[in-house]
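Peer 1: Spelled out, the chains give:
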Amino acid sequence: MDLLTFGVQLLNGVQYGLVLFLVASGLTLVFGILGVINLAHGAFYMLGAYLAYWIAKYTGSFWIALVGGVGISFLAGMLLENIFVRRLYGRDHLAQVLLSFGLILVIDEIRQIAFGKDVHSVAPPAFLQGSIQLTDVLSYPVYRLAICVFCLIVAAAIFYVIRQTRIGMIVRAGAENRQMTRALGIPFDKVNRYVFAVGIALAALGGIVIAPISTVFPGMGDHMLILSFVVVVLGGIGSVAGAAVGALMIGLTDTFGKVFFPTFSSFSIYLLMALVLLWRPNGILGQREV
Amino acid sequence: MTDDTLKSAFTRRTLLSGAATVGAAGLVSSFPRPAIAQGAPYKVGLMLPYTGTFAKLGQFIDQGMRLYVEQKGGKLGGRNVTFVQIDDESKPETATDNMNRLVGREKVDVVVGTVHSGVAMAMVKVARDTNTMLIIPNAGANDATGPQCAPNIFRTSFSNWQPCFPMGKVMADAGHKNVVTITWRYTAGQEMVGAFKEGFTAAGGKVVEELALPFPEVEFQALITRIATLKPDAVFSFFAGGGAVKFVKDYAAAGLNKTIPLYGAGFLTDGTLEAQGAAADGIKTTLHYADDLDNPANRAFLAAFKQKTNQDGDIYAVQGYDAGALLDIGLGGVSGDAAARDKMIAAMAAAKIDSPRGPMSFNKAHNPVQNIYLREVRNGKNAYVSVAQANVDDPARGCRMTA
Numbered sequence: 001m002d003l004l005t006f007g008v009q010l011l012n013g014v015q016y017g018l019v020l021f022l023v024a025s026g027l028t029l030v031f032g033i034l035g036v037i038n039l040a041h042g043a044f045y046m047l048g049a050y051l052a053y054w055i056a057k058y059t060g061s062f063w064i065a066l067v068g069g070v071g072i073s074f075l076a077g078m079l080l081e082n083i084f085v086r087r088l089y090g091r092d093h094l095a096q097v098l099l100s101f102g103l104i105l106v107i108d109e110i111r112q113i114a115f116g117k118d119v120h121s122v123a124p125p126a127f128l129q130g131s132i133q134l135t136d137v138l139s140y141p142v143y144r145l146a147i148c149v150f151c152l153i154v155a156a157a158i159f160y161v162i163r164q165t166r167i168g169m170i171v172r173a174g175a176e177n178r179q180m181t182r183a184l185g186i187p188f189d190k191v192n193r194y195v196f197a198v199g200i201a202l203a204a205l206g207g208i209v210i211a212p213i214s215t216v217f218p219g220m221g222d223h224m225l226i227l228s229f230v231v232v233v234l235g236g237i238g239s240v241a242g243a244a245v246g247a248l249m250i251g252l253t254d255t256f257g258k259v260f261f262p263t264f265s266s267f268s269i270y271l272l273m274a275l276v277l278l279w280r281p282n283g284i285l286g287q288r289e290v
Numbered sequence: 001m002t003d004d005t006l007k008s009a010f011t012r013r014t015l016l017s018g019a020a021t022v023g024a025a026g027l028v029s030s031f032p033r034p035a036i037a038q039g040a041p042y043k044v045g046l047m048l049p050y051t052g053t054f055a056k057l058g059q060f061i062d063q064g065m066r067l068y069v070e071q072k073g074g075k076l077g078g079r080n081v082t083f084v085q086i087d088d089e090s091k092p093e094t095a096t097d098n099m100n101r102l103v104g105r106e107k108v109d110v111v112v113g114t115v116h117s118g119v120a121m122a123m124v125k126v127a128r129d130t131n132t133m134l135i136i137p138n139a140g141a142n143d144a145t146g147p148q149c150a151p152n153i154f155r156t157s158f159s160n161w162q163p164c165f166p167m168g169k170v171m172a173d174a175g176h177k178n179v180v181t182i183t184w185r186y187t188a189g190q191e192m193v194g195a196f197k198e199g200f201t202a203a204g205g206k207v208v209e210e211l212a213l214p215f216p217e218v219e220f221q222a223l224i225t226r227i228a229t230l231k232p233d234a235v236f237s238f239f240a241g242g243g244a245v246k247f248v249k250d251y252a253a254a255g256l257n258k259t260i261p262l263y264g265a266g267f268l269t270d271g272t273l274e275a276q277g278a279a280a281d282g283i284k285t286t287l288h289y290a291d292d293l294d295n296p297a298n299r300a301f302l303a304a305f306k307q308k309t310n311q312d313g314d315i316y317a318v319q320g321y322d323a324g325a326l327l328d329i330g331l332g333g334v335s336g337d338a339a340a341r342d343k344m345i346a347a348m349a350a351a352k353i354d355s356p357r358g359p360m361s362f363n364k365a366h367n368p369v370q371n372i373y374l375r376e377v378r379n380g381k382n383a384y385v386s387v388a389q390a391n392v393d394d395p396a397r398g399c400r401m402t403a
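Chains A and B, in that order, give the protein sequences. Numbered according to the numbering used here, the first sequence spans residues 1 to 290. Numbered according to the numbering used here, the second sequence spans residues 1 to 403.
Quick caveat, the hints were computed from the structure, so don't treat them as lab data. Values in this document were obtained by computation on a predicted structure and should not be read as measured data. Positions of the beta carbon are idealized from the N, C-alpha and C atoms, including for glycine. Some hints could be false.
[Stated by the list, open to error] Short, incomplete list of chain A residues facing chain B, as computed with Cβ under 10 Å:
| no. | residue |
| --- | --- |
| 1 | L11 |
| 2 | V19 |
| 3 | H93 |
| 4 | Q112 |
| 5 | A114 |
| 6 | Y140 |
| 7 | F256 |
[Claimed, not checked] DEER-style ranges, computed between Cβ atoms:
| no. | chain 1 | residue 1 | chain 2 | residue 2 | range |
| --- | --- | --- | --- | --- | --- |
| 8 | B | G175 | A | V161 | 56 to 66 Å |
| 9 | B | A303 | A | A274 | 57 to 67 Å |
| 10 | A | T59 | B | N379 | 19 to 29 Å |
| 11 | A | V67 | B | P147 | 54 to 64 Å |
| 12 | A | M169 | B | D312 | 52 to 62 Å |
| 13 | A | I72 | B | Y186 | 34 to 44 Å |
| 14 | B | A300 | A | I132 | 49 to 59 Å |
| 15 | A | V106 | B | T402 | 42 to 52 Å |
| 16 | A | F159 | B | G175 | 51 to 61 Å |
| 17 | A | T263 | B | K364 | 45 to 55 Å |
The following block holds chain A by itself, in its conformation from the complex:
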């Protein structure tokens, strides 16, 4: 493999990793900070993509689809937290798994009724539709590069909010010790609602941003859900930085696994996860017990 090809594959790996981070970041927020296992994360990813398709079809604008899809998902997240999820904080994980599994079925059925079961595609914004010639035969779509930049911006925003703002401080305190935070009169529960809704909105955002390169189809969230959990567990539960590291590792392992060890590509990332967990049982940057 010459240097140029290696560079392109590296780019593929990093780009895939950044996309994984975007989707997994919402899961790590909800899972790590609220302690809620949300199996419906992949379903919201799918719903985001379908919303993008639907809104873009009627408005013709990817940007309206982006804002609208994220907005609708955020509101849905608020509603769900208010009605269902808040009753499950601190409860057995099994109850959360049951609830979120039920949500998968409900969302899938809503998707079936509202959008049908056909495969769709979403056009990227016009000025991102070109591609850059990399080698004599291979070119790279500008939109994929734009996704990289976009994911980095989202990552920076998440880090900023969690590390530098008062809300972030409350979130971190709550994740560290919920009871003590409550005892000190810090409005952790109010913040919870937003954390859950942001998690859902991030899943949908992932689906929307990826829709133009991934196409929109019924089972698209299933595989993403598994990958997101691998990323979260690998990086360390509740650590956003860990999710970033985990996502990049998965992206690169998957890409180079497919190139160098095609026969093992179906489990290369799980092998990576097993090895990392042997070395660091709490994940790369995780502090708490899994």
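Keeping the supplied structure of chain A fixed, place chain B upon it in accordance with the hints.
Peer 2: Below, chain B without anything else, positioned relative to chain A:
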């Protein structure tokens, strides 16, 4: 979901509106006809995916079959027909139970199903164990008319081997010498690529690398970069559904479609063209059907299907339609007396059907012998180019009935 059997009087009108009830997911519903002079109606069990990824395919097969029965005045071989339907959800794990329910509780005379190969193989096993008539209207697993073949099992679709083998010669004739293949690493993918390789090698070509990724992953970028590095003369691929759409779009987005032509099994561009858009232009595929196949049977079929469902018929609808035609011939051969099983099977095995796909007969393993067409994507249609190979007969390797 309930197990309750929904009963209602069966009239011509309910048959015509049957398409509307097709969506009744997971519900076993039967429509018994009032008994008439010739005795109980012939009971057809439709075991198809009415929900899930393959729901549209299941619906089209169902509607195609019902269209045929309607055209024959609600009869097959002169005998009245009643349908029972069950949703297999494309889940192999519940396939045996579902099949047993049709055979045991519903006591159907024939089962027609299904789309998913894993489900179909479970159905084949039950059909062999209970000696139930089974017609497979889509699933292409080679084994169903290979090692697992049986006198009571027919197929009105294709074996995975069939549409891909002729592509070998087509691509060799187009001057391609070094070809890369790409598919999902699962049975259908491997059988299709295997058949292509067989045909291509026999025609003097060379497969330089066989790329595969786990089913149903859709992250193709690494392998597309690999193709760009290998610079083959052409690429042969098999994907279907959402994966097919994404692969075709990624391939075009990487600019490879300009220098390395993309070929594939017909499923790459069937039912997916709307989502693939311009990215699919110029892709050549082989299949046992083309959207604009110009023969009287196809023109009549497409018009009738459009009138019944207000949708454009496709290969899946044709396969369901032909399942009806095959049963019609079988029952016709015994004057509606399904108890004369051996005679009925002999009539079906000897059937010559003037199908919308062209002439169709059956080999000793009960797999169709049919033309495979070369199609090219033009203006969002799989346009007919030529007959890639006429009367393609699956080798039915491992089938004892061919001896």
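Peer 1: Now tell me if each hint is right for this structure.
Peer 2: Here is what the structure says about each hint:
A cut of 10 Å between beta carbons decides the hint on L11/A: the least distance to chain B is about 9 Å, and the hint holds. The closest approach between the C-beta of V19/A and any C-beta of chain B is roughly 9 Å, which is under the 10 Å cut-off, so the hint is satisfied. With 10 Å as the threshold, the beta carbon of H93/A stays out of range of chain B, its nearest partner Cβ sitting at about 25 Å, so the hint is violated. Checking Q112/A against chain B by beta carbon gives a least distance of about 8 Å; that is within 10 Å, so the hint holds.
For A114/A, the shortest C-beta to C-beta distance to chain B is roughly 15 Å, which exceeds 10 Å, and the interface hint is violated. Interface restraint check for Y140/A: the shortest CB-CB distance to chain B comes to about 7 Å, inside 10 Å, so the restraint holds. The closest approach between the C-beta of F256/A and any C-beta of chain B is roughly 8 Å, which is under the 10 Å cut-off, so the hint is satisfied. The hinted window of 56 to 66 Å between G175/B and V161/A holds, with their beta carbons roughly 59 Å apart.
At about 58 Å, the beta-carbon gap between A303/B and A274/A stays in the expected band of 57 to 67 Å. Between T59/A and N379/B the beta carbon distance is about 26 Å. The supplied range of 19 to 29 Å therefore holds. Checking the proposed 54 to 64 Å range against V67/A and P147/B shows it holds: the Cβ atoms sit about 56 Å from each other. Evaluation of the 52 to 62 Å hint for M169/A and D312/B yields a pass: the beta carbon distance comes to about 59 Å.
Look at I72/A against Y186/B: about 36 Å separates their beta carbons, and that is inside 34 to 44 Å. Taking 49 to 59 Å as the suggested C-beta distance range, the pair A300/B and I132/A conforms, at roughly 51 Å. The hinted range of 42 to 52 Å is satisfied by V106/A and T402/B, whose Cβ atoms lie roughly 50 Å apart. Roughly 55 Å separates the CB atoms of F159/A and G175/B, a value that falls within the hinted 51 to 61 Å.
Between T263/A and K364/B the beta carbon distance is about 36 Å. The supplied range of 45 to 55 Å is therefore violated.
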